[in-house]
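Numbering (the working numbering) for the sequence shown: 1 to 100.
Think of the hints as simulated: they come from the structure by calculation, not from any bench.
Some hints could be false.
Unchecked claim - Just the calculated beta-carbon pair ranges, DEER-fashion:
| no. | residue 1 | residue 2 | range |
| --- | --- | --- | --- |
| 1 | G45 | G91 | 34 to 44 Å |
| 2 | G91 | E43 | 14 to 24 Å |
| 3 | K49 | G91 | 18 to 28 Å |
| 4 | G51 | G89 | 27 to 37 Å |
| 5 | L23 | A60 | 14 to 24 Å |
| 6 | E53 | T95 | 35 to 45 Å |
| 7 | G89 | E48 | 29 to 39 Å |
| 8 | E48 | V88 | 29 to 39 Å |
| 9 | E90 | E48 | 29 to 39 Å |
| 10 | S63 | V39 | 35 to 45 Å |
| 11 | D75 | F30 | 18 to 28 Å |
| 12 | H85 | G51 | 18 to 28 Å |
By construction, the Cβ of each residue, glycine as well, lies at the ideal position given by its N, Cα and C atoms.
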Amino acid sequence: MRFILTFLAVLLLPLQAKAADKLTVLLDWFVNPDHAALVIAQERGMFEKAGLEVELVAPADPSAPPRLVAAGQGDLAITYQPQLHVQVGEGLPLTRIATL
């Protein structure tokens, strides 16, 4: 768990460009153990210490987050790798940046 939190903190360091940046993370499903690193980082104030205001959003449709990010309605989406490859193949401008 410590490795995941450290990885997440390192991943978010470049985003410290300005104080209180808002970041909307679209989850792939309702909050569950897969999202533990994100929830713990939020609850322990790690995002705030990095100058980030992070909003975790559970989707109404689990397949929607990558499309919403491509449409500018979110900053990051959690999705499954096969789904990402299909959507990139369909022409969505998405880039994989990390793995939970």
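Unmet hints by their number, sorted upward, for this structure: 2, 3, 6, 10 and 12
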